[in-house]
Amino acid sequence: MRKLIHAKDIDYLALGATVLGTGGGGDPYIGALMAKQAIEQYGPVELISIDELADDDLVIPSAMMGAPTVMVEKMPGGDEPVKAFKQLEKFLGRTAAATVCIEAGGLNSTIPFVVAAELGIPIVDADGMGRAFPEIPMTALHFGGISATPMMVADEKGNTVLLSTVNGAWTEALSRNATIVMGGSSMLALYGANAQDMQPNLIHGTLSTAMKIGQLLANKEDASKRLENLLKFMDGVELFRGKLTDVMRRTLDGFARGTVTIEGTSGNTGSVCRLEFQNENLIAMRDGEPIATVPDLITVLDLETVHPITTEELRYGQRVIVIAMPCAPVWHRPECLELVGPRYFGYDLDFKPLRPLVTNV
Amino acid sequence: MSYRLGIDVGGTNTDVVLLDSKNTVIAKAKTAVTADIVTGIRVGVGTVLDQSGVNAAEITHAMLGTTQVTNAIIERRELNEVAIVRLGAPATRAVKPLAGWPEDLRERYAKYSWIVGGGHEFDGREIALLDEDELHEIAESVKGRVQAVAITGVFSPVNTDHEERAARIFREVLGEDIPISLSYQLGSVGLLERENATVLNAAVSSVAKRATLSFQQALADLDVHAALYLAQNDGTLMSVEYALLYPILTIACGPTNSMRGAAYLTGLKNAIVVDVGGTSTDVGVLVNGFPRESFVAVDVGGVRTNFRMPDLYSIGLGGGSEVTESEDGVKVGPKSVGYRIVKEGRAFGGDTTTFTDVVVALSKAKVGTHEVRLPRELAERAYDVAIDKTVEAIDRMKTSSDAVPLILVGGGSVLLPSEFEGASEVHRPENYDVANAIGAAIAQVSGRVDRIFAMDQKSREDVLEEAKSIAIAEAIRAGAEASTIEVVEIEEVPIAYLPGNAVRIKVTVAGTLASYNQEEVGAHASH
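Residue numbers (our numbering), protein chains in the order written: chain A, 1 to 361; chain B, 1 to 527.
Just so you know, these hints were derived from the structure itself, not from any lab.
On the chain B side, residues computed to face chain A include the following (Cβ under 7 Å):
1) 91
2) 92
3) 94
4) 99
5) 189
Below 35 Å or equal to it, Euclidean Cα-Cα: the simulated DSBU-like pairs (lysine-lysine) are:
6) A/212 <-> B/331
7) B/389 <-> B/269
8) A/212 <-> B/96
C-beta atoms are modelled at their ideal positions from N, C-alpha and C, and glycine is treated no differently.
Extracted from the complex, chain B is given alone in its bound form (with noise of 0.2 Å):
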């Protein structure tokens, strides 16, 4: 027998499953999240080995998720010196790079950026030949000085040969073990937010590398000596060479790992899933079994950026909200005591009144040591309100007035009820608590393009057959086994004011683990 761990380490905590080769939950542990992560690893999976009885030898996949990139970035914590060479001139000089970024981190990153000749129009045509020399030069002046690089050409999604030949320069002076991050591989059309998500990938990539040595030391630690994959964003999995490269692509995969989770405990491919957490409830939409991406330019960190993101919308309401009471009526959240509820929360025996109290003191679910004690008005009015933000929260995120399938997964999805306004039907599937782990673990590997195409020279069908091989390129390289590899999703996008009949193509494509027993998967499990 085989078994995988799945990994998640939110805010508050680190949860653990292991399954069996039939995607089976064989133990889950739920510890707090510690200063350093890794012990709290260290002590999930220790848990889950002790429970289960398992071999740490029988182990083969170990898939983590993990919030340390977005931590890095939010608390401006070792961060790289990055060289930022934008490719691009003599256009794009009227705004330079790190326009519009917070002053900190715009003084610190300030001072190695540059614009060189180069780039290319919407059509393909050069806007001016690739400054080599200048490229060299730069090169030879930050040897020894940015830990990193960030190159971004104008239009490079349409053409990506300049960023190309620009990393081969910087590869050749600075030798290989610099990370070199390639704007093409991140985001789409949109320089600054391309190029800004290029930049932040670039800063965390020395983060990333620490992480995830310490990651699989951890493992090594406790005998296991699985391959290591990280759970990116749009919900699957990559290898840690390539997480390594794109580390970026790790931000906000807790909710999307929840969401997968959901998918597969339900057997549901489209339906809108609600995460209670301790603090907020994320609100996200399955697509075909995957989370629905974000149309809109994202912040991270205080940084403008538009590589792909789950489309959520997150409430500050939680188990650990605090209820209170003033002129303006009932409040729940956004204040919360978060993890220590355990201690604070009137449930477990505190003098905070938290949603969790709300909802035990009104008989809906039974939570905590302590009996609660409120006065039935404002129980009710608190609920009413923590309900209401919830159903409008569900309604933003549907694309259509009509009634779709819910999925409540997370430790404080107990609290919420099993009838929604606007909900055909409301799941809470077994293991719902550590849904984020077992998404984790379930996860496929993807390849994606997202590119500009010209169809004016070629059919539409040979031009998405063009996209899709680079998505399936993509996903192989991820780590994807070639015959398992499926198309997700494929969007067109006609551009507006442009000739050449210029469409924007998405491909997505998912398959599974190339070193995974295939005949072990088994049929995904439905309830």
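Looking at chain A on its own, in the form it has when it is part of the complex (with noise of 0.2 Å):
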């Protein structure tokens, strides 16, 4: 399985990648803008199976880091992707053979592109959520005993900082200071491994995923056509449909959260459906019972256009479709819920799966 991503398939990219980001996982605009950038000058990047890696080939993600508002406004140099890698090659004194996706949702899916582009290596077609979530642990390759660092964390204007931490909850408190200081946005590479200690910890094939979704989407059939394939792609289920009337947000430790109300349609009439959201959307609620949980995926789509709607855009009068789509496997596992779960994240509520688990993992 070779293939060649072009220009025009980080379109795709970032349209899936809106769906996988379940609200959140920053805009993915700028990043494939900045993908396509490097595509343009450095040509297409190929993206491979990890299989097709020798099993000691050493594998570099590579990622962002920082506040949506300041991405947007002081976008990335360009060299701090391909700065952080190398600097991480030096220091781990190897050359790595690939690179791949921390997150596969939102900004995350489209950086480590500028970086295979540039370097002319290959991309791996995987990544460690499956989805996006907001802290740097909260990966299949952190519970699978792979450490985020050695991590390099680098800015515009030429500066390096190497991590080397005791835990997940240091990587992601030194990091995030070093980004502030470094003017609130940077490049990152880390979780370095052997293709062969990657390959059972990474979620497979969702830059494929990603940009399938991202075709389906922008296809020119009709709406409920485009549902229907994206549902049946992704083994989700319509959780509800109707009218956004009211969204309350507050900003709680640094993070956007939120409510939003959904009073049903078409078959929902007389239902509500209420939506937890901390970036990403977290909790789905009908008539105050729950129907879809974090780690499961929650995304929001336009009723017209089925195109995803991020928790920044969600506004009164919303006509929208709620659905719902399975999680990677992984996440089932307890020691992993405890990280990436309803409680985690405040709300007093067990993982409800969408699906049953039918193998073990």
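Relying on the hints, combine the two individually framed chains into one complex.
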């Protein structure tokens, strides 16, 4: 499975990654423009399966960190993803054979393409989350025992910071503080590991999935057909459709939290759906009963266009469809749910999976 | 007695009203838009002068809303060559200027585009020293090649210093006549969108200048030597000098003029306004007497921008919307006969069935010169389809499910009923058909600020005061009388993930024109 990714594929990727971003993950618009600019300059990027690498090939994921407000104003210089990458290679004393995404949802689905294009290395069709989460340790790699550090944080001025930490919480805190000093956004190289160690701890095929979602939604077919195709492809369910009647927002501990109320129409009349979000959509309740919970994916789509609506864009009066898609099976593990389940985000609820697990992971 | 002209040049009609100093409508005229725009204005103004018998010399002010700038961008007509300068290196190079632009415009503008050392961090620190040497070199290299300059600095809404210094360098080299557009004057945080708005603004500065001069000439030809003001898209006016600096702010002033007119004609400050034209209907929201602003990036001629624009929901439904029947059911619009309705619509003796004809056939309004007969079932279904579309558009624009007052304006609004689902009351004020021209004529001048402020060093009160005084200074610069300036809106939005209690503050103020005689303005009429 070798496939070349051209600039036009990046548009599909960005659209699909917004669906997998479950309302958060940062707007991939800037990331998509960066990836396209890099591909135009250096040529298309090769998308490979990790099985095509040798067991002891080094793979280094690449990502961006920071405040969305900063990213849309002080865009990256362009050198820093590669700078972080090369510096980490230098520290490890090895050259990476490929890069990969930390999250397939939102902005970070696009950043590794910048590295891959410029260095002429392939990108692995996989990611560490299968969606978007707000913190660095919230990856399958972390639970697979792969450390996020040594990690390189780089800014556009040429500064790099090497982090070596005792655990995920320290990684998160130290890298976020370095990022703020750097002006609110930075580029990361982290979670470097051999292909054979990484293989069982990635969610495979997620970039292809995102591009396929983008294609399905950009299709000229009518909206109901596109929705049907999306749900079928993602094994997802339509949770609710109706009119958005209230968005309550509050900023808490630096996160944008909120509650959305949707009044039902067409078959849901008389029912009310409530969504809780913290950047990403976390909980969907129907008439007080949870019907989908994080880490399963909850995404709000515009009724007419079937395109995803981010939590920042939610407004009164929108006609929406709420859908849910099953998360990667790894998140069903109890130790994972401790870090990405409803309780971690402050809700007195247990994870209620959309689909029972068929296989043991 | 002194008089004012309100002129709104729309897509189909040029509307002109003449108001006396008590804001009473003395005369009104609706004429078809002419290819050269100015002829239509001359005819309209001539008509109101004839109708009223007012002496042209008594007209002290002329307020004009125009679509010239919008059309120039959409039609790619008479656009300037622009030197595009971004202050932000080494940051921001990963996405160059003009990214995401339509190919034709991108090719055209790419040759004079630079990213120069400079710009600021979110907290006001410098990213890099401003590279003044390179700016000098660029200025020398574009001399005689460009007609305008667009300068955008990273986080200039937080710190305007580098943009101002860069402007001085270009001014020094290029002289006084080249318009220089600064991004912090136009948009808010979101570099690419603000830069896009700034480049478009620079691109249309010559069109705006020519249009303004020809408007002045058209008025002078009729012996009208009034002070000329241009309507901008927040429902306020700007002086000609200001409009020449920021012509892009005239985009979408038509619907906002209608909304301001609707507020004035009804005395309502908070309401939904439905403006029905020949081809489309715009639904907007009045908040404290002014149009609500859009929060999302707005496309202008295919370019993503973030300068302030009215929050409108437009539907393809108007008096001239064609009624069609197919397997999918009855459709009304979006295809429209537009201004050709007076020839092609059945109510005018033509043979195209329009929304107007449906309303006439159902005896819900009297329009046109001919009787209209349509199958009753078709007419009823078409009517229901049209009203459902309108009800949904109104509902989308509401901020809560509470019923709100509704104001119907625009020539086509006679076609709508006087009761609506979700509306507490429906107003169709006198002179509804020229509400846009009235809105232009009665408009005030505004000032605003939209920046990120750090709250950790100063008290909230001090920061708000600072923001207010910036907005007030801006209003005075635009021509407002200081003693009449009032705060229209204050908005504070805390910014996630940033230290220093960063808060985005938006303040809008508005006041009466300084040159306008206060005592004669009188109280706003209410019906």
